[in-house]
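Same order as they appear, the protein sequences are chains A and B.
Numbered according to the working numbering, the first sequence spans residues 138 to 432.
Numbered according to the working numbering, the second sequence spans residues 20 to 123.
Worth double-checking, as some hints may not be accurate.
Unchecked claim - Below, computed lysine to aspartate or glutamate pairings styled on EDC-like, alpha-carbon distance capped at 16 Å:
| no. | chain 1 | residue 1 | chain 2 | residue 2 |
| --- | --- | --- | --- | --- |
| 1 | B | K109 | A | D346 |
| 2 | B | K109 | A | E305 |
| 3 | A | K202 | A | D269 |
| 4 | A | K398 | A | E305 |
| 5 | A | K168 | B | D27 |
| 6 | A | K164 | B | D82 |
| 7 | B | K75 | A | D269 |
| 8 | A | K413 | A | D346 |
| 9 | A | K311 | B | E101 |
| 10 | A | K159 | B | E101 |
| 11 | A | K386 | A | D405 |
Stated by the list, open to error - Each pair of labels, with its calculated beta carbon distance range:
| no. | chain 1 | residue 1 | chain 2 | residue 2 | range |
| --- | --- | --- | --- | --- | --- |
| 12 | A | N376 | B | K111 | 31 to 41 Å |
| 13 | A | S277 | B | E101 | 43 to 53 Å |
| 14 | B | R113 | A | F246 | 15 to 25 Å |
| 15 | B | Y95 | A | G384 | 46 to 56 Å |
| 16 | B | E106 | A | G339 | 26 to 36 Å |
| 17 | B | E106 | A | H285 | 24 to 34 Å |
Derived by calculation from the structure, the hints in this document are not laboratory data.
Values in this document were obtained by computation on a predicted structure and should not be read as measured data.
All C-beta atoms, glycine included, are put in the ideal place defined by N, C-alpha and C.
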Amino acid sequence: MTFIDYYKILGIEKKASAIDIKSAYRKLARKYHPDLNPNDADAKKNFQQINEANEVLSDPEKRKKYDKYGKDWQHAEQFENAEHYKEQSSDFHGQKYSRAQSGGDFSDFFESMFGGSANAGRNRQVKFRGEDYNAQLQLSLTDAYKTHKQTLTVNGRNIRITIPAGIENGQKIKISGHGGPGINGGPNGDLYITFSIANHPGINRLGNDLYIQVDIELYTAVLGGEITIDTLSGKVKINVKPETQNGSKVKLKGKGFPVYKTHGQFGDLYITYRVKIPTNLTERQKSLFTELSKS
Amino acid sequence: MDAKRKDDLIAANEFCVNHNIEISFLNLLQQNGLIEISTIESKYFVEREQLPQLEKFVHFYYDLDINLEGIETISYLLQRIENLQNEIVKLKNRLSFYDAQASG
C-alpha cells in the first residue's frame, strides 16, 4: 500500500484554501466524471482518485490528519486514539451535505487512514439510486442462436436472466434493479451486460444473415446433384444446379440467424460453393478428361 | 399517460425531496426538452426510465456547476457518443466478418 499525494492529484499546493480545493475538484470532476465519459475505465479511475482527494482535503478534520501524518500515515491510528478523548466533549462535526457520486470506491490507503467508506455517514437525509454495474458475458454463436436462460453471479448475488435469440456481438442489455443497492432507501441501480459472441468455425454472421462455404465435388458441380449441409438449425438438403461455377453463391431464405426479439423471423443463409478439383487421378480418369477436353 | 402503471412513475415532488432540489429545476429540464413530466390528477410524475438520466442532470447541475445550456450540450454530445459507440460495434462486427471471409 503506497502513500497517495492528494494535493498532486488535485493539482494544488499544500497551502491551498478550501475555495481552491473546491475549484480544483470541480474542474477535474467535470473532466473525468463517469457520466461525461461513458465506458471509459481510465476516466472512472481518475474520477475515483479526485473524489477521494476531495473527500480528504475538503474535510478539515481529515485534511488535518492527512497533513500531519502524510507519508507516515501508518501512525495515524495512534493519533486517532489520542484525539478521541478530546472530541468526546464536542458533538458538532457539521452535517455535511453532498450528493452521491458514482465511483465511490476508495483506495486501500484511504481505508487504512480514515476507515470505511466516506459516504457512510454523510447522506443521511437523501435517497439515491444505486450505482449501475457493467458486466461482460461470453456466448458462442450456437448459444446466441437460441433463446436461453443463464445464471450470473454479480457481487455475490445470483441472477437468472433470459437471453433472447439473435443477440449481437457487442450488444448491451439492461437488467433493471440488479445494480448497486440504493442509498437510504433509494432504488437499486441497473446491471448492464455487454455480450461478446465468439466466432464459429465455418460460419460467419453479418447482422441476421449467415455465410458458409461448402465444398462440392467437381462432378456434382458439373452434373448437378443433392448435397446435405450442417447449419445452426440442423442438416439441410440442397439441390446443386448442373454447371455450378466455383465461388457461386446461393441464398436459402429464412435459414439464417433469428431476428432479435422477433419471434419466427430469421435472416438468410448464403452458401458459397467451392468446387473441389479431383486429385490422384487414375490413368483411366486422365484419359477420360483428355477425351472430354477434345470434345 | 393515465394508463401508465403507477410503478413506472415517480412523483416529482418525492424525487425533489429525496435529492434536496427545487421542483423548478425539473421544470427547467422539461422546458428545454431534456425530460418529460406527466401530470396525473394535478400531480407531477417522471417516468422511472428517466431516473438515471435525471440523476445525471442533478449531478451536472448541482455537483459540477454546469448550467442548463451546458447540460443540453452535454446531453446532445453524450447521445452522439452513444450512437458512435453503437456504430463502432457494428463496424467491428462487419470488419470481423470480412476478416473471417478473407481467411476462410
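_Tell me if the beta carbons of A/N376 and B/K111 are separated by a distance inside 31 to 41 Å._
37 Å, holds
*16 Å Cα cutoff - pair A/K311, B/E101*: 15 Å, holds
*Between B/K75 and A/D269, does the CA-CA distance stay at or below 16 Å?*
12 Å, holds
_Against the range 46 to 56 Å, how does the distance between the Cβ atoms of B/Y95 and A/G384 compare: consistent or not?_
Roughly 47 Å apart at Cβ, these two residues keep to the hinted range, so it holds.
*Is A/K413 close enough to A/D346, meaning Cα to Cα at most 16 Å?*
It is violated: about 25 Å lies between the C-alpha atoms, which goes past 16 Å.
*For the pair we were handed, A/K386 and A/D405, check the Cα-Cα distance against 16 Å.*
Distance ~12 Å between A/K386 and A/D405 Cα, so the pair holds.
*For the pair we were handed, B/K109 and A/E305, check the Cα-Cα distance against 16 Å.*
9 Å, holds
*CA of B/K109 to CA of A/D346, is that 16 Å or under?*
14 Å, holds
*Evaluate the given range 24 to 34 Å for the C-beta pair formed by B/E106 and A/H285.*
With a Cβ separation near 28 Å, B/E106 and A/H285 satisfy 24 to 34 Å, so the hint holds.
*Does A/E305 lie within 16 Å of A/K398 when you go C-alpha to C-alpha?*
This hinted pair holds, its Cα atoms lying about 12 Å apart.
*Is 26 to 36 Å right for how far apart the beta carbons of B/E106 and A/G339 are?*
28 Å, holds
*Within a Cα-Cα threshold of 16 Å, do A/K168 and B/D27 meet the stated pairing?*
With Cα atoms ~33 Å apart, A/K168 and B/D27 exceed 16 Å; violated.
Hint violations for this structure: numbers 3, 5, 8, 10, 13, 14, all remaining hints satisfied.
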